[in-house]
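Colleague: Sequence:
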Amino acid sequence: MAEKLTIDNISTFCKSKGFIYPSSEIYGGMSGFFDYGPLGAELKNNIKQAWWKFHVQDREDIVGIDASIIMHPNVWKASGHVANFEDILVECTKCKERYRADHLIEEALKIQADGLKADDIQKLIEQNKIKCPKCKSALDKPGAFNLMFQTYVGPKQSKESIAYLRPETAQAMFVDFKQVVETARLKLPFGIAQVGRAFRNEISPRNFLFRCREFEQMEIEYFIHPGSWEECPYVDEIMDHEIFVYSAEMQQKKEKGKKMKMKEALSDGIIKSPWHAYWLATEHKWFVNLGANPNNFRVRQHLPDEKAHYSKDCWDLEYNFPFGFKELQGISDRGDYDLQQHIKHSKKDLSLFDEETKKKIVPHVVAEPSQGVDRAFLVFLFDAYNDDKERGNIVLKLNPRIAPVKVGFFPLMNKLDKEAREIYNCLRKLFVCQYDKSGSIGRRYARADEIGIPYCVTVDFDTKEKKEVTIRDRDSTKQIRVQVSELKNVLYRLIVGEVEFEKAGKLIK
RNA sequence: GCGCCGAUAGUCUAAUGGCUAUGAUAUCGGCCUUCCAAGCCGACGGUCCGGGUUCGAAUCCCGGUCGGCGCACCA
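No gaps in the numbering here: position 236 of the first sequence is 259 in the numbering used here, and each next residue is one more.
Everything labelled a hint here was simulated from the structure, so no lab data went into it. This one's a predicted model, so the numbers in the text were calculated from it and none came from an experiment. Each hint can be trusted.
Think about it this way: if two alpha-carbon atoms lie no more than 20 Å apart in a straight line, the pair counts; the simulated SDA-like pairs of lysine to any residue are:
#	residue 1	residue 2
1	Lys371	Val385
2	Lys277	Lys349
3	Lys38	Gly55
4	Lys460	Asp485
5	Lys71	Val396
6	Lys76	Tyr257
7	Lys276	Phe348
Could you build the full structure based on these sequences and the hints that come with them?
Modeller: Written out as structure tokens, the structure reads:
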């Protein structure tokens, strides 16, 4: 593992093994869009399923929904996406440099330019004779650039029929809030979760899957009683969890981050809300439990000027990609901003009745532990990818629970084809399996290693007589013998991690 | 979006205006093979797209697409 792994290595690997292809490749591809191939689709589904089980099915306090991608256009007016995503840009007539109009005006005139309309901006540019900061030439008319994809609903393509492909899944949790609470009989604190597609017309998609125009999110909006910012009933679960912490203060003082336990971060006042500590640690644990390397993560606090105006505090869970530490998820305190926006725009009461105070309250979102599926996919691939020089092949050390193929079945020799297939046919309905009789046995192990098959079952000449097979472990290449009658049970326990490999059968030399 | 650079089988790669576009690897079929990419035979597969220059273009020119880097952008 001498050379550093790059995003190119991963993207080439993904294409050659059938994990990911550029979208519509036979027509030249589409920038910012990707297709998941046979192995990629399995892996991605496994990640989503593992997320759903961990965050929804295994918990009492979180329920899931699956909302439509196209929602009422007013949803995006209420959420601020129509205004905020409409970055107004100005271009230099000569050097063609483009600027965010609001940034340009703030810089030139030292005034707040947030939220100005294109017309106002043009007036300001004309009145103050603002020129291109780079080449001092005249600036062109400002124009809007909206990151949301637009479409028309119904037969008429008019201004009234404009709708948007959702740029995030979160809004559905607020819009459907009342129905979910009533039908699921939820009591605060609780969360609403969703996994689904979102679309953003990014100016410049980069870094393979990291920034694309169509992506999938796994998202939770977690609601608490407005007064209970400091009362997290689950906080004891994570007190001893260790993580690399990089607070705003450390960033401002140009210090490095520090590895610490959550109880330390809380008692030292670095992380203020136990809810944030809980969600940061829980999300980190989710990645690590599924095979990610704990040391490639850090939690970083937003600097005061990075925070959204409604947010009390915000922390990102970041991963150390080859192109730097990048955000995987933002654990942000959104207060009651979103629900209030929808109350205002829809004129519907979205408050809950508080039995204790006998008053109506609007819950606060204390955290939205949300992340991109595609980014998680990259994380697991990066941490699993091992170019094993000794073996002479890549070993994809994916956790068996998310590995796209769980078991490989090989006849030691071609004459054992019939016996091996019989066993394979019994087990393929229980696990995703692959049968391989092509080439030498070593070649088949190598092939299996490269796509991350954790266990390979080899049928040999003793199988008929002794009713035994060999299971070979991907990561250690060690082998055990087990009875064919036990095979199903042993494989299951290995895949879910209930038993150590060497203790699952008779270890061979 | 802008600027610079690039694009040859699934992957990596040779060919700098001239033979049927090179080789490796992967894949598939066959032989062989008693546990870690052994060997032999065979097959499939390529100059990103469109136009131009030329007797002749993978090669030169123009436009587009895609990708890399830098800038900008990043709810």
